[in-house]
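Chains as they are written, first to last, in our numbering: chain A, 1 to 114; chain F, 1001 to 1113.
The hints are simulated quantities; they were obtained by calculation from the structure and are not laboratory data.
Among these hints, one or two may not hold up.
Said to hold, decoys possible - Chain F is faced by these chain A residues, among others (derived, beta-carbon under 10 Å):
#1 Arg9
#2 Arg44
#3 Cys91
Stated by the list, open to error - List time: in silico SDA-like cross-link candidates among lysine to any residue, alpha-carbon distance up to 25 Å:
#4 F:Lys1005 with A:Thr86
#5 A:Lys70 with A:Val113
#6 F:Lys1108 with A:Asp38
#7 F:Lys1071 with F:Val1087
Note that CB positions come from ideal geometry on N, CA and C, so glycine has one too.
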Amino acid sequence: DAGITQSPRHKVTETGTPVTLRCHQTENHRYMYWYRQDPGHGLRLIHYSYGVKDTDKGEVSDGYSVSRSKTEDFLLTLESATSSQTSVYFCAISEEWGANYGYTFGSGTRLTVV
Amino acid sequence: DQQVKQNSPSLSVQEGRISILNCDYTNSMFDYFLWYKKYPAEGPTFLISISSIKDKNEDGRFTVFLNKSAKHLSLHIVPSQPGDSAVYFCAASVRGGSEKLVFGKGTKLTVNP
Chain A
1 DAGITQSPRH
11 KVTETGTPVT
21 LRCHQTENHR
31 YMYWYRQDPG
41 HGLRLIHYSY
51 GVKDTDKGEV
61 SDGYSVSRSK
71 TEDFLLTLES
81 ATSSQTSVYF
91 CAISEEWGAN
101 YGYTFGSGTR
111 LTVV
Chain F
1001 DQQVKQNSPS
1011 LSVQEGRISI
1021 LNCDYTNSMF
1031 DYFLWYKKYP
1041 AEGPTFLISI
1051 SSIKDKNEDG
1061 RFTVFLNKSA
1071 KHLSLHIVPS
1081 QPGDSAVYFC
1091 AASVRGGSEK
1101 LVFGKGTKLT
1111 VNP
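Work the whole structure out from these sequences, hints included.
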């Protein structure tokens, strides 16, 4: 399997607290993505990165920020967690830009905001 | 506006029979389509893809059909096995440019022994 790990795997946090999720890859892939999966919504793109310090917004970016200071790490931060951000978060990587090169997903982080 | 639609949230079939999962899209610019499979507590994994220059792509028990005029694609699994029970996501993209993968909501397939 591709070397992509997400941490933590599970987290429960309180409303209003900051939360950072980590995605770490050992494939040296240029492109990294954060998705959230919710019942009835499928997978929705939050943010993505096309290189170190190069990031952009996806379709559901409000309330989230990202950082990529190294090729291997892509961090997703919820500045002030809300109950609507309870979800399963998936990180994905791809070697080249474009769907035909395929996305490899991590195992996910289940976040519960209480 | 949902660009990739999987209108069946769930599908149940008997082992050995054919499973047909459907996907519709609205963006005529999409020219590359993929299916991902997802087991509980795991990330999605790539299953099969098709380019818009083809109308069929086959990989073992899995075949994807594309009908561009109807903006419709389907995934056929023959024969279905209990291990195929998972959520299947249809995804679409425009090659090149700045487009990313757009996913449908998923269809949960249950294959009964």
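Please flag the earlier hints that this structure goes against, numbers listed from lowest up. Going through the list in order, the structure violates hint 5 alone and respects the others.
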